[in-house]
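Peer 1: Put together the whole structure using the sequences plus the hints.
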Amino acid sequence: MLRRGERLTMMAVPALNVPQSNVATQSACTHPFQVPQQCRSAWELTTSDSSPSLSAQGAATPKPAVSNTTNAAASAGCYRSHRYTHNPYASTAPRSDNDGADPVSVSGSGDGNCEAPRHVYNSAALDSGNLSNGLVERFRAIVGELPRAACTSAGRNLLVSVLRLHHVEMTRTVVDEFRPVLPAVALDSNGCHVVRALVEFIPTGLMATLVPHFTPSLVRDLAVSSPYTRRVLQSVFERHKSDALTPIVEAIAQDSQLLAQRQQGCITIIRTIENTLPHQQRFIISRLLPALPALTMNCYGNYVVQCVLHHMDPEAVTVVVCQAFAGHWVALSCNKFASNVVEKVVRVLEGPARRALIAETVCDPVNLRRLMNDCFGNFVLQAIIDSSTSEVDFRTISQCIRPLLPTSSHGRRIESKLQCVMARAGAVGE
Numbered sequence: 001m002l003r004r005g006e007r008l009t010m011m012a013v014p015a016l017n018v019p020q021s022n023v024a025t026q027s028a029c030t031h032p033f034q035v036p037q038q039c040r041s042a043w044e045l046t047t048s049d050s051s052p053s054l055s056a057q058g059a060a061t062p063k064p065a066v067s068n069t070t071n072a073a074a075s076a077g078c079y080r081s082h083r084y085t086h087n088p089y090a091s092t093a094p095r096s097d098n099d100g101a102d103p104v105s106v107s108g109s110g111d112g113n114c115e116a117p118r119h120v121y122n123s124a125a126l127d128s129g130n131l132s133n134g135l136v137e138r139f140r141a142i143v144g145e146l147p148r149a150a151c152t153s154a155g156r157n158l159l160v161s162v163l164r165l166h167h168v169e170m171t172r173t174v175v176d177e178f179r180p181v182l183p184a185v186a187l188d189s190n191g192c193h194v195v196r197a198l199v200e201f202i203p204t205g206l207m208a209t210l211v212p213h214f215t216p217s218l219v220r221d222l223a224v225s226s227p228y229t230r231r232v233l234q235s236v237f238e239r240h241k242s243d244a245l246t247p248i249v250e251a252i253a254q255d256s257q258l259l260a261q262r263q264q265g266c267i268t269i270i271r272t273i274e275n276t277l278p279h280q281q282r283f284i285i286s287r288l289l290p291a292l293p294a295l296t297m298n299c300y301g302n303y304v305v306q307c308v309l310h311h312m313d314p315e316a317v318t319v320v321v322c323q324a325f326a327g328h329w330v331a332l333s334c335n336k337f338a339s340n341v342v343e344k345v346v347r348v349l350e351g352p353a354r355r356a357l358i359a360e361t362v363c364d365p366v367n368l369r370r371l372m373n374d375c376f377g378n379f380v381l382q383a384i385i386d387s388s389t390s391e392v393d394f395r396t397i398s399q400c401i402r403p404l405l406p407t408s409s410h411g412r413r414i415e416s417k418l419q420c421v422m423a424r425a426g427a428v429g430e
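full-length UniProt numbering numbers the first residue of the sequence shown as 1 and each following residue consecutively.
Don't read these hints as lab results, they were simulated from the structure.
Where a beta carbon is used, it is the ideal one built from N, C-alpha and C, also for glycine.
No more than 25 Å apart at the CA atoms, straight line, and that leaves these computed lysine to any residue pairs for SDA-like:
| # | residue 1 | residue 2 |
| --- | --- | --- |
| 1 | Lys417 | Val330 |
| 2 | Lys241 | Phe201 |
| 3 | Lys344 | Gln306 |
| 4 | Lys241 | Val175 |
Cβ pair distances, simulated, as ranges:
| # | residue 1 | residue 2 | range |
| --- | --- | --- | --- |
| 5 | Glu137 | Arg282 | 41 to 51 Å |
| 6 | Glu169 | Pro247 | 21 to 31 Å |
| 7 | Ala326 | Arg282 | 19 to 29 Å |
| 8 | Glu169 | Pro212 | 21 to 31 Å |
| 9 | Arg395 | Ser217 | 53 to 63 Å |
Peer 2: Right, dumping it as structure tokens:
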């Protein structure tokens, strides 16, 4: 029984000088099978080692046999000639002698087109110990000039990598050298990344030693200079929660009304409120309450107001809003930025505070007409309608609004909201 490779090779051999006794066997192979040129050597290797060769006189001259492993390897290598054979997930450990031959790395006697080279990597190059030793040596070479190195691109990458090693002595060395010149490093375009990494990796006790060097002027500059400097302050409160950070909180609260009106400053205040201790959070909010109406109409300050209202108790929100927004509901509702705040406030007001809001905005025909024709005020009016919970409340609002619907530029939306609330009330009644 002939193997598959031998049959193909025999079909490819021309029927010349073959004895008459073999004509019957070769008659079915008059037209030889055309093997691709790039793989012909592999087939010849497979058959020439396992079948006798034909001499010019027709005599068969036997050749020494080659192991089946080599034949199969060469055949497999032929079809892999155009494949990417390197496996990046393969183990880099050295192979033992008992593992067997690798079908990709076995070399044949062909023309070399069917063999793919095997890539071998030095495992020592990937040794984490060697990498860390290299970082330590480079770090020791710049000790004494760490602040200057941190302000360069190469030094920034080196110091951030060193801090990620969590080496106690090297981290303390960085803190000691940065402490006297912290403002210069923290405000640098490269140094701010190193200071941020330092803040993220050091313990809270070591962070407390840096707090006195966060002066009010430095805190203000970090908050508004760029997104990268702002993230230094953000990381301080995200990674550490301690009373030792109170001086930084006080510096932010001192300029909170100005910071809330800046793009990066408003984010600084929001992240500080979200991540500080409760008493520190209340201190910042208390400084913002007097400027609440003005901040509500600011393009950045309105986000700070929403954050403040979100972190306050509902009772406190009612008291604060009634004191700050009374008499200004319509003006705030028609403002592009303040209308977002008013929509959220309307949904949480209850009792006397809500009745006072309805009396000022809905029961007054002049104010109601202004809301119904304003591109922002009509959404506040829809929020008032949608937040109605009592039948008496809804009936009062509906009776005031319906006569003005035909003359309102946004009457269709307002009427749709009225019908939606009525349908919802009917479904609840059923």
